[in-house]
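Chains as they are written, first to last, in numbering that gives the first Met the number 0: chain Y, 0 to 369; chain X, 0 to 328.
The set of hints was computed from the structure by calculation and includes no laboratory data. Beta carbons: idealized from backbone N, C-alpha and C, even for Gly. There's no promise every hint is true.
Said to hold, decoys possible - Derived lysine-lysine pairs resembling DSSO-like cross-links, with alpha carbons at most 27 Å apart:
hint	chain 1	residue 1	chain 2	residue 2
1	X	Lys119	X	Lys199
2	Y	Lys42	Y	Lys61
3	X	Lys222	X	Lys7
4	X	Lys132	Y	Lys199
5	Y	Lys214	X	Lys129
6	Y	Lys199	X	Lys199
7	X	Lys199	X	Lys153
8	X	Lys119	X	Lys180
As the list claims (entries may be wrong) - Below, a sample of chain X positions facing chain Y; criterion: calculated Cβ distance under 7 Å:
hint	residue
9	Leu51
10	Ser55
11	Val67
12	Asn71
13	Gly104
14	Glu108
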Amino acid sequence: MHRILAMIERDLRRFRRSPTLVLISVVMPLVQLIVLGYAFGGKVKHLNLGVLDQDGGMPAVKVREMCQAVAANAQTFTPFVYHDQGLAMQDLRNGRISGLLEIPPQFSRKHHDADNPQIALVEDNIDQFAASALEGGLNQLLVAYNAKTPAPRLTGNVTLSVVEVYPYVPYIQFLLPGTTVLAIFVSAMIGGGIIFIDDKARGLHEGYLVTPIRKLELILGFTLAGALKAIVSGVVIVTVGAIIAGIPDPLNVMRFCRAMILVVATALALISMMFLLMVRVNDPLVPRAIFGVLNTVLFFPSGAVYPTQAFPPWMRVITTIDPFTYAVHGFKQLLLKNTGLGAIGWDLCFLFVFSAIAMTAATLLFRRTL
Amino acid sequence: MFAVEVEKLTKRFGEFTAVDQVSFDVAEGEIFGLLGPNGAGKSTLIRMLTTLVPPSQGAARVNGFDIVRQANEVRQSIGVIPQAMTSDLELSAYENLTIFGKLYGIPREQRKKTIAELFKAVDLEQWADKPVKQFSGGMRRRLEIARGLVHSPKIFFLDEPTTGLDPVSRVAVWEMLARLKQERSLTIIVTTHYMDEADKLCDRIAIVDHGKLVALDSPHNLKASVPGQGVLEVSFSRTPDGWLKTLEALPDVAEVKQEDRVYRLASNNAPRTTVELIEATRRANIEVASLSVQSTTLDDVFVHYTGHQIRDSLQTPAGYDTSFMYDKK
Numbered sequence: 000m001h002r003i004l005a006m007i008e009r010d011l012r013r014f015r016r017s018p019t020l021v022l023i024s025v026v027m028p029l030v031q032l033i034v035l036g037y038a039f040g041g042k043v044k045h046l047n048l049g050v051l052d053q054d055g056g057m058p059a060v061k062v063r064e065m066c067q068a069v070a071a072n073a074q075t076f077t078p079f080v081y082h083d084q085g086l087a088m089q090d091l092r093n094g095r096i097s098g099l100l101e102i103p104p105q106f107s108r109k110h111h112d113a114d115n116p117q118i119a120l121v122e123d124n125i126d127q128f129a130a131s132a133l134e135g136g137l138n139q140l141l142v143a144y145n146a147k148t149p150a151p152r153l154t155g156n157v158t159l160s161v162v163e164v165y166p167y168v169p170y171i172q173f174l175l176p177g178t179t180v181l182a183i184f185v186s187a188m189i190g191g192g193i194i195f196i197d198d199k200a201r202g203l204h205e206g207y208l209v210t211p212i213r214k215l216e217l218i219l220g221f222t223l224a225g226a227l228k229a230i231v232s233g234v235v236i237v238t239v240g241a242i243i244a245g246i247p248d249p250l251n252v253m254r255f256c257r258a259m260i261l262v263v264a265t266a267l268a269l270i271s272m273m274f275l276l277m278v279r280v281n282d283p284l285v286p287r288a289i290f291g292v293l294n295t296v297l298f299f300p301s302g303a304v305y306p307t308q309a310f311p312p313w314m315r316v317i318t319t320i321d322p323f324t325y326a327v328h329g330f331k332q333l334l335l336k337n338t339g340l341g342a343i344g345w346d347l348c349f350l351f352v353f354s355a356i357a358m359t360a361a362t363l364l365f366r367r368t369l
Numbered sequence: 000m001f002a003v004e005v006e007k008l009t010k011r012f013g014e015f016t017a018v019d020q021v022s023f024d025v026a027e028g029e030i031f032g033l034l035g036p037n038g039a040g041k042s043t044l045i046r047m048l049t050t051l052v053p054p055s056q057g058a059a060r061v062n063g064f065d066i067v068r069q070a071n072e073v074r075q076s077i078g079v080i081p082q083a084m085t086s087d088l089e090l091s092a093y094e095n096l097t098i099f100g101k102l103y104g105i106p107r108e109q110r111k112k113t114i115a116e117l118f119k120a121v122d123l124e125q126w127a128d129k130p131v132k133q134f135s136g137g138m139r140r141r142l143e144i145a146r147g148l149v150h151s152p153k154i155f156f157l158d159e160p161t162t163g164l165d166p167v168s169r170v171a172v173w174e175m176l177a178r179l180k181q182e183r184s185l186t187i188i189v190t191t192h193y194m195d196e197a198d199k200l201c202d203r204i205a206i207v208d209h210g211k212l213v214a215l216d217s218p219h220n221l222k223a224s225v226p227g228q229g230v231l232e233v234s235f236s237r238t239p240d241g242w243l244k245t246l247e248a249l250p251d252v253a254e255v256k257q258e259d260r261v262y263r264l265a266s267n268n269a270p271r272t273t274v275e276l277i278e279a280t281r282r283a284n285i286e287v288a289s290l291s292v293q294s295t296t297l298d299d300v301f302v303h304y305t306g307h308q309i310r311d312s313l314q315t316p317a318g319y320d321t322s323f324m325y326d327k328k
């Protein structure tokens, strides 16, 4: 036991003296949370919409006025009036406008005759998000345009009433569980991957291998030391991240304690996995080379940014064996739904069993000799 | 009882035999040198003895323990200073020794006492709390020597301890090792490719070349085993046919070896041979391009036993030979 503690002490002393490492493993995920959270979280607004009125009748004027109303209120788009179709199309292709609303000749007459009147949206579909926002905004506009006034109080139409169980969850909050796991992963990658292999290449391991320390003690020492560093990252991101993301009652003690259990389980699983991947690697370039790929392969199939139900079958296999999946699910339950440990029992179970298997395999594969 | 007993120890990496049937014994309290160029197999040999590399064949006992079956007992009883500097740069000197003291399971009070003594012994007392990254190469090496002794081992292995050090630091390390040997009754096994280091430091020297042990004795006896008491190294502007035989026929010449344009004449009376050599060149109308006369050195011993000079072998960058970590399975 004293040898394991010595290995942990050594690692933590080194970690403490390396502010860059502390910064990378704690601050970078927070930066990512903020940037990604706000980059994807907001509604699309202020899209430039060209309006080409080739009719000029009252119904066409009403459409143009409603566009102005959207610009003043929902601000989804800002209309710019065009009189030249060629110029409008050129601006669309050059990206000056995101879409062109064409009100064709005879629109007013067809409207008056109830002869299937149509207006056209020519959209720049390279940017799917902008195109969808324009479509959505204009569809809503037309719903309002077509609404009979006054609306009948009673109607036979079937409507859907949505009841949200939880308060509105902005994207930055939705992203917090994934970012928390990512922060722990970055620490595991640095501690269990980069530093481990660098130490090996510098010959530091040779110094330990000539002492009477046993294989299991070495692996446990490395793993627990790495896990402790990853836990530090996890604790910081869970608390600071919760405050930044605006989680209600971010310093709730009970939730914090439950989250700590999940942080420990996640840290152990990810650091064990890193040691298993790196146990036979000697080249310091390997962990650096696979960092990005590993990050992508583990993070995105986990459901951290997109529902796993949308994945193709082969990707769902990764989702099933990916420890990220269970960690992200667990943190979603705890941070966004404030559930008890019962809701994450299976996640904890998977993470601890995964750790045990990975650590056992790493110990078996670890060479006690050079 | 011998401190180290090595019997037909062999290590193969695939087709390549790094150490080939090497046998020797090291007596307790001895400073035993493994001398040879880089790539000769010294480091592989020492890594086998320190349990870092499993042997392919043969056996060895260190402090009475078998290096394969009782590896942990071997590790507990030896101190090892690897070729690469392996102290933690981010930690202080004191922390480095403390961590290793804990790895060896030394009780707290004893650990503190031993570490204080060791800092004094390696003259690093005033630097104990400084981070190792501020240390010079010589200071780091002294710290590593202290680290290797933190658990008071009986046998101390040092793999090229002075490689990469400046001449002053090298001498300081030699003196320190000699003193530590006396104070702590240590058996020291040291590898080196420095002839002067082996000559001054070692009680006995094993010359290793291409994985084989080619000679083993005290520096004095090794030098005495080389024909002649002095060596003339000479080169000529030209050499006529039969010139080698002319040189061998000179008075007191015991042996002549030729390497490229340089002739090495081992002589029992170097001054007289020199005079006769000059006379011979005058008679043959040959100019002497260069001439040096010296007493027999370990370099001559090495040439005598291996047929080439130690500098002929390829050298790796000093002090950080970690190629073994990348090359083999």
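These are the hints, each one checked on the structure:
Taking the CA atoms of Lys119/X and Lys199/X, the gap is near 24 Å; set against the 27 Å cutoff, the hint holds. The suggested pairing of Lys42/Y with Lys61/Y holds, with an alpha-carbon distance near 26 Å, which does not exceed 27 Å. At most 27 Å may separate the alpha-carbon atoms for a hinted pair to count; Lys222/X and Lys7/X meet this at roughly 26 Å. Taken as a hint, the Lys132/X and Lys199/Y pair is honoured in the structure, with Cα atoms around 18 Å apart against an allowance of 27 Å.
Between the alpha carbons of Lys214/Y and Lys129/X the distance comes to roughly 31 Å, so the proposed pair goes past 27 Å and is violated. As the CA atoms of Lys199/Y and Lys199/X are separated by approximately 34 Å, the hinted pair breaks the 27 Å bound. The hinted pair formed by Lys199/X and Lys153/X meets the criterion: a straight-line CA distance of about 22 Å does not exceed 27 Å. For a cut-off of 27 Å, the pair hint linking Lys119/X to Lys180/X stands: about 15 Å separates their Cα positions.
A hinted interface residue such as Leu51/X counts as satisfied when its beta carbon comes closer than 7 Å to some beta carbon of chain Y; here the least separation is about 5 Å, so the hint holds. Nearest Cβ of chain Y to the Cβ of Ser55/X: about 12 Å, over the 7 Å cut. The hint is violated. Taken as an interface hint, Val67/X does not check out: its beta carbon lies about 10 Å from the nearest beta carbon of chain Y, beyond 7 Å. At about 5 Å, the closest approach between the beta carbon of Asn71/X and any beta carbon in chain Y falls short of 7 Å, and the interface hint on this residue holds.
With 7 Å as the threshold, the beta carbon of Gly104/X comes within range of chain Y, its nearest partner Cβ sitting at about 6 Å, so the hint holds. Contact between Glu108/X and chain Y, as hinted, is not supported at the beta carbon level, the nearest pair being about 14 Å apart and thus beyond 7 Å.
Checked against the numbered hints above, the structure breaks hints 5, 6, 10, 11, 14 and satisfies the rest.
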